[in-house]
Amino acid sequence: AQSVTQLDSQVPVFEEAPVELRCNYSSSVSVYLFWYVQYPNQGLQLLLKYLSGSTLVKGINGFEAEFNKSQTSFHLRKPSVHISDTAEYFCAVLSGGYNKLIFGAGTRLAVHP
Amino acid sequence: DTAVSQTPKYLVTQMGNDKSIKCEQNLGHDTMYWYKQDSKKFLKIMFSYNNKELIINETVPNRFSPKSPDKAHLNLHINSLELGDSAVYFCASSQVLGGGETQYFGPGTRLLVL
Numbered sequence: 010a011q012s013v014t015q016l017d018s019q020v021p022v023f024e025e026a027p028v029e030l031r032c033n034y035s036s037s038v039s040v041y042l043f044w045y046v047q048y049p050n051q052g053l054q055l056l057l058k059y060l061s062g063s064t065l066v067k068g069i070n071g072f073e074a075e076f077n078k079s080q081t082s083f084h085l086r087k088p089s090v091h092i093s094d095t096a097e098y099f100c101a102v103l104s105g106g107y108n109k110l111i112f113g114a115g116t117r118l119a120v121h122p
Numbered sequence: 006d007t008a009v010s011q012t013p014k015y016l017v018t019q020m021g022n023d024k025s026i027k028c029e030q031n032l033g034h035d036t037m038y039w040y041k042q043d044s045k046k047f048l049k050i051m052f053s054y055n056n057k058e059l060i061i062n063e064t065v066p067n068r069f070s071p072k073s074p075d076k077a078h079l080n081l082h083i084n085s086l087e088l089g090d091s092a093v094y095f096c097a098s099s100q101v102l103g104g105g106e107t108q109y110f111g112p113g114t115r116l117l118v119l
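Residue numbers (this note's numbering), protein chains in the order written: chain C, 10 to 122; chain L, 6 to 119.
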């Protein structure tokens, strides 16, 4: 069965500092991987996704992620965060042929001035 | 203009009541989903419909019954509400089944059972 582990439940960081949110997945088949962001009291918004091809994926709001098959990881990075990046971030893997998203437990990014 | 909309946004009700949540998407997508987010923010799929046909039914109590009158709508009816049903319920849609299509989420319905 596929699963996703987000290694940090909370990540505090100062404004303009770089950040990395870690995600590991387990899957015995080819994977499609996603990062979603949830701002307070809102729905989920897609940041980026990996389907195939280049292992470095660029998304919205300056975020990028790198797919590493040997380490089964899909870490999310941003070189310089803003206060407005404060949110919950979810890593997810697509399971099987029915578009079932399996989510990690989420990482709360808190950006401080 | 909203892509995936849900009503109501907030729902407060008593244990034992029956309630419905409605979802509509104007993206022309074929597939719709219901997810549940618990108090610890954990997200889990409940149901998925493709062209009005149920294709995913996770181990959800049969008090929960989804209904899809057409491709653009997926409603969730909950009978005999329990305290543990308190959560945020998200509707989502995607263009086709399979292939890594992006799922677009609604704003959520915050259900509180007293």
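Hints in this document: simulated from the structure, not taken from any laboratory.
Where hints are given, some of them may not hold.
Derived pair list, reagent style PhoX-like, types lysine-lysine, alpha-carbon separation capped at 20 Å [to be verified]:
(1) L/Lys76 / L/Lys46
(2) L/Lys27 / L/Lys49
(3) C/Lys78 / C/Lys67
(4) L/Lys49 / C/Lys58
(5) C/Lys109 / L/Lys46
(6) L/Lys27 / L/Lys45
(7) L/Lys27 / L/Lys14
(8) L/Lys45 / L/Lys76
(9) L/Lys76 / C/Lys109
(10) L/Lys24 / C/Lys109
(11) L/Lys41 / L/Lys14
(12) L/Lys76 / L/Lys57
(13) C/Lys109 / L/Lys49
(14) L/Lys24 / L/Lys45
(15) L/Lys27 / L/Lys57
(16) C/Lys109 / L/Lys57
(17) L/Lys14 / C/Lys109
(18) L/Lys46 / L/Lys14
(19) L/Lys72 / L/Lys14
(20) C/Lys58 / C/Lys78
(21) L/Lys72 / L/Lys27
Tested hints:
no. : hint               : verdict
1   : L/Lys76 / L/Lys46  : violated (28 Å)
2   : L/Lys27 / L/Lys49  : holds (18 Å)
3   : C/Lys78 / C/Lys67  : holds (17 Å)
4   : L/Lys49 / C/Lys58  : holds (19 Å)
5   : C/Lys109 / L/Lys46 : holds (18 Å)
6   : L/Lys27 / L/Lys45  : violated (24 Å)
7   : L/Lys27 / L/Lys14  : holds (10 Å)
8   : L/Lys45 / L/Lys76  : violated (31 Å)
9   : L/Lys76 / C/Lys109 : holds (18 Å)
10  : L/Lys24 / C/Lys109 : violated (25 Å)
11  : L/Lys41 / L/Lys14  : holds (14 Å)
12  : L/Lys76 / L/Lys57  : holds (6 Å)
13  : C/Lys109 / L/Lys49 : holds (9 Å)
14  : L/Lys24 / L/Lys45  : violated (23 Å)
15  : L/Lys27 / L/Lys57  : holds (15 Å)
16  : C/Lys109 / L/Lys57 : holds (17 Å)
17  : L/Lys14 / C/Lys109 : violated (24 Å)
18  : L/Lys46 / L/Lys14  : holds (17 Å)
19  : L/Lys72 / L/Lys14  : holds (19 Å)
20  : C/Lys58 / C/Lys78  : holds (15 Å)
21  : L/Lys72 / L/Lys27  : holds (10 Å)
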